[in-house]
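A.B. asks: Residue numbers (this note's numbering), protein chains in the order written: chain E, 1 to 685; chain P, 686 to 991; chain G, 992 to 1345.
In case anyone wonders, no lab produced these hints; they're calculated from the structure.
What follows is a set of in silico ranges between Cβ atoms, one per label pair, in the way DEER data are often shown: (1) G:Ala-1208 / P:Leu-773: 34 to 40 Å; (2) E:Glu-440 / G:Val-1041: 45 to 51 Å; (3) E:Gly-493 / G:Arg-1035: 54 to 60 Å; (4) P:Val-820 / G:Thr-1158: 45 to 51 Å; (5) P:Leu-739 / E:Ser-21: 57 to 63 Å; (6) P:Pro-900 / G:Ser-1061: 33 to 39 Å; (7) E:Pro-34 / P:Ser-876: 45 to 51 Å; (8) E:Asp-428 / G:Val-1041: 33 to 39 Å; (9) P:Pro-900 / E:Arg-205: 54 to 60 Å; (10) G:Lys-1156 / E:Ser-21: 17 to 23 Å; (11) E:Leu-80 / P:Leu-802: 57 to 63 Å.
Quantities reported herein were computed from a predicted structural model and do not represent experimental measurements.
Quick reminder that beta carbons are idealized off the backbone N, C-alpha and C, glycines included.
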Amino acid sequence: MANPVLSVEGLTTEFATEDGSIQAIENVTFDLYPGETLGIVGESGSGKSVTARSIMHLLDANGRVANGSVRLHEHELTHLDGRELSGIRGTEIAMVFQDPMSSLTPVLTVGTQIVETLREHRDISKAAAKERAIELLADVQIPNPDTVIESYPHQLSGGQRQRVLIAIAISCDPDVLIADEPTTALDVTIETQILDLLDELARSREMSVIQITHDLGVIAETTDRVAVMYAGRIVEQGSIEDVFVTPHHPYTAGLLRSIPRIADIEPEILAGNVPAPATRPQGCNFAPRCPHSTDDCLVDDPALEPVTEEEDVCGEEHSTDGSRQRAACIRTDDIGILDPVPDAERADRPPQSADSASVLDGTDIRKEFTSATSFLDSLLPGGDPPTKAVDGVDVEIREGETIGLVGESGSGKTTLGRLLVSLTERTDGTIRFEGSPLTEVPEGELRSRVQFVFQDPNSSLNPRQTIGRILGFAVGKHTPKADRNQRIDELLGEVGLDPDTQYQYPHELSGGQKQRVGIARALAVDPDVIIADEPTSALDVSVQGQILELLEEIKRERGLSMLFISHDLSVIRNIADRVAVMYLGRIVEMGTTASLFENAQHPYTEALISAVPDPDPRVDAERIVLEGEVPDPKHPPDGCNFVTRCPEAMAECREHDPELAENGENRAVACFLHTNAKRSSDGGD
Amino acid sequence: MSTETPSQVSGSGKSQSHRAWRDFKAHRLALAGFIIVAFVTLVGVLTLVDDTLLDSAIITTLYYSPTEPIFIPLEGPSAAHPFGTDSLGRDVLARTIYGAKVSIQVALTAVLVAAALGSPLGVIAGYAGGRIETVLMRIVDVLLGFPALVLAIGLVAALGFSLTNVIIALGIVYVPQFARIARSAALSVSSEEYVDAAKALGYSKRHIVFREVLPNCLSPLLVQASLLMAFAIIAEASLSFLGLGVQPPTPTWGQMVSSGSGYLTTAPWISVFPGIAIFLTVLGFNLVGDGLRDALDPRESAERRF
Amino acid sequence: MDHRTPIFIDRASLFLSNNELARGTRWQRTATDLPRPSRMNQLRYATLRVLQTIPVLFGVSIVVFVIIHSAPGDPIVNMLGIEATEENVARLRQQYGLNQPLYIQYGYWIGDVLQGNLGRSLTQNRTVLSLIASRLPATLFLAVASMVVAMVIAIPAGIVSAVRKGTAGDYTVTVGALTGISIPNFWLGLILILLFARTWGILPPGNYVSPLANPVAALEHVLLPAITVGTAFAALIARQTRSSMLDNLNQDYIRMAKSKGLPNRTIFVRHALKQSLLPVITVVGLQFGYLLSATVVVEQVFAWPGMGRLIWLAVRQQDYPTVQGTVLVVAALFVLVNLLVDLTYSYLDPRVNA
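Extracted from the complex, chain E is given alone in its bound form:
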């Protein structure tokens, strides 16, 4: 086995806070070999980003590397001063950051930001550097590199910005590339493009890559070896097959078992929360949540070691490739190999018969947002056309069913959800509640029968009100004062929270807890329909499952109907009875969950499903990689909205717009490959 190109040993980083010194990561050790992709996976608070920044010495002012060594080639990075580090950064090791918008300087053009890197490390003229920059932009597959080079970051889309970041990172041919959550902020179809790009660049340039993410599927598909981090320590390490197919650490196994998958598997919840850095338990950090923990586990943090002759260290030795699987657990001998795949098969979801009463439905719903910033702006010529966020949608929620609404950015799914609850005024179309148009339903009644669960737990609760007060307001409308407290207790219990939570403020709760409060608030008025807008997207992977299970349970017990909005197909797979796929303001396909996932008809649906990374590394999925970006909603393409990216576009698709039409039992699709239905011209499509 060749020598590692990057060698991290015993890395420990602390942060100075107002409450004392906190250790973010402890004793992190791993090697990176030439030409390989190493994944670091973990949830929030695991310290994976801190690890990357500690390696590059890019910590915030209050952080410092307390201990450990980082060897890159022959340099000991922890001992270098600023100047020496500057020389190494970019040329030998580079980083791609998570958020492309905030990582690019807004007032400088893209070209400037690439050229300055080149000129800093290489002795080339400005003109030559600019040439090279254009080449690099072409390497990262940005169309029209000569125009892009003069653009400012905010003029590019998210995917393009990420490519620019990558171009900058590889511009001086580093040997190591650290990618810190490079696709987390991107849509899944763009994610596939970027991951493919990274893979290709790594191979063609013989770079080693450290891929940091919380997404287990991405790790499974893109990495050769992986390190699993939990609460600041590495808990398991090894080749991707070893760790993901035969995990030894209970956390790894628990995590793998808890994520929603596209395959027909029912996820198994991992209970508990990740401990905050300041309150990590004595002994093994995972012990409080571990189904296999014993009292011995509470004594010391277990060391990460492979099996050796030493007695008190346990782990499985796997001698292929010289990289051995290691786990930080003192009970691996007893536990043995764990199964990453839960056993239960998904319970069958019988679709609601088409005769079920329709609870909430809409016909030809439209919502346009104007681009004018003021009255005067709308008078002046030359402005932008309005954005058709929702462009003629028919949707129906039947009693007792869960409809999954899937789409990427700009699809209009959130807007549609808000229109159905009357949080936003629709521009046109009819929405009916239990058969009566909304205009005839008194607002008070609508508000108590249809409720909304919001996405961002940090923003959905008023920070100045206690939980009790927040719920109290909601409860107060329907309950006499005497019963209010009891009702609050009941609600909190129903969402799995302690009654004492009502005395706390939102900032004292974790994300999952806040989300539960949001659900409790929606339930306070005893609704019949719940519209949930990405309720789990801002939560950690292991908590997502908890919330999803809670929602299902509540739905069952109260007999609710639900519209579940998400961009995450695995989640939709697990929770929805019927699915509607949206693209650029329209529904392009609809059907029962099982039939849609097994037999997608619309090319976009196919691409979406294939883009979801599978956490089983043995599956070698053929992924459909869509070209290009989602078009600007203000200037949708002529003909079918999807024509610019559709791998199966025909001539007809450029001229006419397909209409959503039935194509089988409980199925509908808007595509000329399957139906002939055209949209009636509604004025300049």
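Knowing the structure of chain E, use the given hints to seat chains P and G on it.
C.D. replies: Here is chains P and G on its own, set in the frame of chain E:
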């Protein structure tokens, strides 16, 4: 990224205001400012009571009368007269103490009234949007198109030179400032999901504006109020320096500086001491405002992400 | 809507922009990947802003008119004196059109203003316009001198204090700025006169000398007044520069620039500096109003024959047409300066108009 770890690293159970108070106290400068402000306010209130209800009994018995010209004029600072005497033979220290009355009255009243009027207007404008916002903000823009003191002078010229009119004038000058800040804050708060949640639950617009939006807009308004009180003190002093404010014989700091300007080389203490009083009071309010801003800054209480 | 875009529609709220930026940095998947924002080009934005200014100017004129016309006392009586006869008063009242409804009077007045006629002074035998024309240069000279003095000191001070946060240098600047905004300018002026003019005799105590006539003497004479006016201005600029700089140094793109291996100096100058100075431009514009206000007071102290002194004189003498005219001109000037600053800002910051 995601938010599984509780936002408070320390995990204490205090509310946001408790934490802010703790941060504020930690700031020694802010504390010093607070002490100054409290002291001057106390003096101001006492002198107000003394003057209006007791006919200056307290200060005359404890010290000297601020208005009776009974001493030797233009005497420098001494044991008997720590601040010296002015051109009419009045004790400068006594007059300085009494000057606090007008300054505090003007600053506190004008700013508090302006805040009480301007903030709800701004919040309503920010939350309601549309035409209401446009109309309200246009009016605010017009008033903000005047340099503050120039507008105040114009108003005082029209209304007359008296204490009440100075308060009214400054109040009118400050209402748009509060409206502007309140609107910005309301815009920001209105985009938070809990406001939408309140709408979805069917709360009345009044409830949403006054119970959900406004309380979360208070921080910048509080900071602004403190800073504007500092400005108000200078504004009142400037007006009375120009002779356009409260008229003699009521002692005000600005007036004292002005009357001392003729004796700058011979008896500088007449101008210097009231000026120092203005400076310290304004400094106090500014320190408090800065301290509040630091303590209430959401960035300070933002989650420490790793 | 991209929650990361700073809200610059409302420049005055830039004091909040730090907080808003913080509040707005919630990670939202749907927002960051939306395609390019609207392309309102610069010309269109400029036109829009100019058009928006016109109603503001009209509003300003209405406010001025209303204020002056609610003054107590009869201007005619004030002008003619208390012994004026009834018929003289009535005749002049007719001549000035004071017996007509207010909005008609306004109509006449604004019509006159737009033609350049600001009326006649009641106390001095000149048109208001000629009075203003003779006084404005002195005030502008003082204002510009103050701005120059202030920015030359304040901006570097603010930058240094941000970069060396926590050190003695930072502390000095912060305390200095705090002092600067707390000192009453008229008092400062007197102190400066006392020290520099009377006691040490280095500099003259004001008295305007036109820079066109004698540049050196003009600078000498404007120095003390400029320092007086400029101190508070400098303090505000320094504070804004510091906070803007600190904000920027904390941003992700600075970390990104470091990761590229750029030396600190390059990062600082190219990535942080330009970005930080943009809001400062806006503050300069806003605080120009403060400058104009300050001149009223400071011109008194230094016997500077400018607009400020004119306003004061007119108010004392109840010369209402002059008060009206000067306040109008000063306010209009402020509005136009703000417009100019807005347009400059939009020109320099690529995010505003693209």
